Amino acid sequence: MGWAIAIHGGAGDIPLSLPPEKRLPREAGLRRCLEVGIAALKARNHPLDVVELVVRELENHPNFNAGKGSVLTTTGTVEMEACIMDGKTMKCGAVSGVSTVVNAISLARLVMEKTSHIYLAFDGAEAFARDQGLETVEMSHFITPENIERLKQAQEADRVQIDYTQPIQKETPKDAAVADGDSQIGTVGCVAVDNEGNLATATSTGGLVNKMVGRIGDTPVIGAGTYANHLCAVSATGRGEAIIRGTVARDVAAVMEFKGISLKEAAAYVIDRVPPGTAGLIAVSSTGEIAMPFNTTGMFRACATEDGYSEIAIWDSTSK
Amino acid sequence: MGGWAIAVHGGAGVDPNLPKERQEEAKRLLTRCLDIGISALRSNLPAIDVVELVVRELETDPLFNSGRGSALTEKGTVEMEASIMDGPKRRCGAVSGLTTVKNPVSLARLVMDKTPHSYLAFAGAEEFARKQGVELVDNQYFITEDNVGMLKLAKEANSILFDYRIPTLSTCGGGAALESPIQMNGLPISVYAPETVGCVVVDKEGRCAAATSTGGLMNKMTGRIGDSPLIGSGTYACELVGVSCTGEGEAIIRSTLAREVAAVMEYKGLNLHEAVDYVIKYRLDEGKAGLIAVSKNGEVACGFNTTGMFRGCATEDGFMEVGVW
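These protein sequences, in sequence, are chains A and B. Just so you know, we're using UniProt numbering here: the first sequence kicks off at 1 and counts up by one. Just so you know, we're using UniProt numbering here: the second sequence kicks off at 1 and counts up by one.
Take the hints with a grain of salt, since some may be wrong.
With a Cα cut of at most 27 Å, we get these calculated DSS-like pairs of lysine-lysine [to be verified]: (1) A:K114 with B:K75; (2) B:K268 with A:K259; (3) A:K259 with B:K89; (4) A:K264 with A:K88; (5) B:K89 with A:K114; (6) A:K91 with A:K114; (7) A:K91 with B:K131; (8) B:K204 with B:K268; (9) B:K204 with A:K259; (10) A:K91 with A:K259; (11) B:K281 with A:K91; (12) A:K88 with A:K42; (13) B:K75 with A:K152; (14) B:K204 with B:K89.
If you're looking for bench data, these hints aren't it; they were derived computationally from the structure. All values derive from a computational prediction rather than experimental measurement.
Just need the whole structure built from these sequences, with the hints factored in.
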């Protein structure tokens with residue numbers, strides 16, 4: 001066995017025609033964050049520290065929908081959420097409605113470690129962040145021009161979207177050209193296992209473009225977007241509402257346990273059962289297996305194992 | 001087999017020294033709520049409507065920890081949360097951080113029915129409530145004298161616990177229950193308020209539904225969210241089963257308790273009673289909790305590893321039971 005790590009930058013309707021100027025920075029981001037994770041694992045850091053570190057990097061990267069670069073609510077504000085879980089102890093922490101904390105995932109970790117609670121949200125979470133001396137900034141720090149544009153498009157089309165969603169199919173192709181360019185970002189996550197079988201997962205997001213103020217998605221709901229136990233660690237991405245109903249992250253572990261199948265089979269099984277085009281996930285098992293299934297057009301992802309294997313991808317190898 | 005079935009709960013974890021009158025009062029409320037549910041089922045109301053109706057009744061009555069009578073935050077205010085789930089298509093709705101909405105479970109229902117989302121919280125949820133025209137009241141309405149007193153005791157208990165480390169039952173001989181109180185969520189059981197109310201129903205058509213509502217943990221940090229609004233933890237319903245949990249929120253979340261009942265039925269082929277027993281026995285570790293559940297076949301079950309759980313259940317063939325221990 002050996003360590004293994006997987007990261008994602010969101011699943012969705014990422015068109016195959018994604019222009020290089022949209023694709024390359026994200027691939028570079030995935031590559032860099034993967035390297036950060038690999039270095040941390042090689043230095044024998046605990047997976048909990050590794051996933052937090054990697055997700056902090058992804059949050060700081062403006063081209064992914066977390067931290068800086070988060071998509072906007074219907075009023076143009078940012079409300080971030082994040083969640084972290086340790087497979088061995090099953091301790092977890094989650095936050096929602098965070099608008100000034102530079103790294104929501106670190107706030108989630110503090111909830112887990114410094115309070116007797118699991119989940120803090122909105123004003124209470126912000127107050128706790130200040131109590132803990134976490135770095136906070138003006139909300140404008142997180143807002144990027146791409147996301148202002150994305151919100152505008154979503155409001156014109158009068159809908160809420162995962163950010164990759166192509167414009168409404170029944171409309172003319174010219175709308176497709178307009179919306180296509182800027183819709184490709186998504187939730188971020190990282191799962192890792194060390195060579196002792198310690199597992200951890202972390203997920204972070206700005207949520208859905210044009211979401212209602214106060215809307216909470218799957219990311220901070222333990223068992224939906226994020227879950228880890230002694231068998232595996234999972235981070236999901238896609239349409240939050242579908243992931244919540246499908247208790248996606250929890251089901252991967254449950255199916256492995258109750259059906260006695262491999263991680264890859266369990267992950268594929270679970271993704272098959274959510275509506276097409278709504279979800280993807282990354283997972284690692286205690287024995288170093290990796291799975292990264294998705295039923296959307298694509299999912300920004302990368303993974304590596306101790307024996308030297310590594311991969312960065314967006315679409316299926318079959319769809320090239 | 002088959003036919004409707006209903007169960008209600010008013011929290012897991014009861015002080016063994018709870019005065020008899022309080023126990024009777026609780027049983028009367030549970031009976032009344034069961035009757036409301038039974039009436040609705042006999043009039044062919046679908047499961048999803050019945051759970052909402054019954055939980056509204058539990059929220060309105062100040063006895064249990066939901067709606068009026070909710071536990072108080074560390075600041076002495078009320079922040080309520082609730083969730084509801086409809087088995088057939090697993091549609092769901094949840095709310096947290098409500099301070100003026102008279103019936104949180106109904107707002108959760110509206111989130112499910114009237115928005116593209118599943119979960120709304122705090123200011124955003126309150127704004128949605130205003131737009132929907134649901135009944136709003138001042139936060140004071142939810143606060144009872146009893147709970148103001150409890151909050152004071154909880155704060156004292158927390159500081160005592162910090163300084164003197166009151167031993168838990170496991171380290172004590174077992175005789176002096178008064179000196180070494182049972183604890184839940186870090187509070188002596190005399191102070192800890194059972195956390196939630198809930199209702200699960202399967203109607204004549206075999207449709208399951210579940211709903212849970214709570215004021216949360218006494219003396220909680222503002223902004224703290226517990227298990228009740230989390231689908232898969234405090235509430236879950238699918239084609240097979242409807243589940244509502246109560247007890248130590250953090251333990252219920254870690255074990256995704258409500259989903260667990262359904263998962264062992266679905267993937268291990270256990271029946272309802274076996275599933276409930278299994279998850280209570282093996283999935284809670286040191287956590288203390290209870291749950292009620294119904295299956296699409298008209299069965300009803302409850303399980304808890306706490307000292308007592310306020311509960312009641314009834315089935316179409318005439319079975320009815322209300323209990324505390």
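Problem - Which numbered hints fail - result: Hints 5, 7, 9 and 13 contradicted; others consistent.
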